[in-house]
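Student: Here is what each chain is made of, one letter per residue.
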Amino acid sequence: MVHFLLEFVLNSGTNYMDGTYGITQCSIAPNQSFTYNFTLQQSGTYWYHAHYATTYQDGLFGPLIIHGRNEPTYKVSGDFIVMLHDWYHDFSTDLLPAFFAAGNAGVEPVPDNGLING
Amino acid sequence: MAMSSKPDAEIRQSPAEMDGNKRSFVTKKRCLLFVGAVVIVLGLALGLGLGIGLRNGGNSEDPLQSTKTPVSWRRDPQEYVLSSSFDIHAPNTTRTYTLNLTEIPNGAPDGVSRRLLLINGAFPGPAIEANEGDRLVVHVNNLMTIPSAIHWHGQYQNGAFSA
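Listed in order, the protein sequences are those of chains L and X.
With my numbering, letter number 7 in the first sequence gets 7, and the count goes up by one each step, no holes.
Take any residue in the second sequence, count from 1 to its spot, add 1000: that is its number in my numbering.
Keep in mind that the hints were calculated from the coordinates and are not lab data.
By construction, the Cβ of each residue, glycine as well, lies at the ideal position given by its N, Cα and C atoms.
Mixed in with the good hints, there may be bad ones.
[Unchecked claim] According to the in silico footprint, chain L covers these stretches of chain X (three or more CB under 8 Å from chain L):
| hint | segment |
| --- | --- |
| 1 | 1071-1083 |
| 2 | 1104-1111 |
| 3 | 1115-1127 |
| 4 | 1142-1156 |
Could you put together the complete structure from these sequences and hints?
Tutor: In structure tokens, the structure reads:
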């Protein structure tokens, strides 16, 4: 999987949780704007999320639905998006010092809750 | 005998009469207690009812059946129901979205208040729906106090370098 942000290329295989804090420079500064412009080359049920530090944990994410060209039309009564996600009661960056502390061995903070579509 | 006649007269009541007086006194007391209890219960019920009712914004609808947003920052669940009118066979087009990133100090998705980041005023972000081959143009306005960037998870970006 290749993750590219338009003004910055993330290395091939870079996981969105891995090593971006304090390294990723592709940020939109406060009170600044940026326009993403690209062609969707895949289809499926995806999501988009903030890629600055861990702020996607604090609410910046949403569903990205791309219909395939050969997608059959099913006879269904409804088509619903269901997002399951971890939830913390603390702002995510407040949890990072403990996560990155020496001797923590990469043990992620235990979520306080699990939510469905927020 | 004469001296004791008065008290005698006072005391001289039939046992039934005495019992009746006593009973009416007890009944009165019970009645007062009952009325008092009713007033207290009604008062509590009214207070609690008003308190809870006002707290819920006067919305007495079943939250499971309601499609209204009870809190302004909570995204309307209806937005995550894909519209059957979306044409999945439409010719490729450019779809334009605007994402305004903001923050509030007291969002509480699960009831616990915390600093919450919003997209277009609500949490989670709006659904983006498109067809394979469409061009996505997304204007992101960072109105927060922290930097940001939006990542299109899993999307190939071949040829997008020129931007």
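Student: Each hint needs a verdict: does it hold in this structure or not?
Tutor: Structure-based check of each hint:
no.	hint	in the structure
1	1071-1083	holds (count 6)
2	1104-1111	holds (count 3)
3	1115-1127	holds (count 10)
4	1142-1156	holds (count 15)
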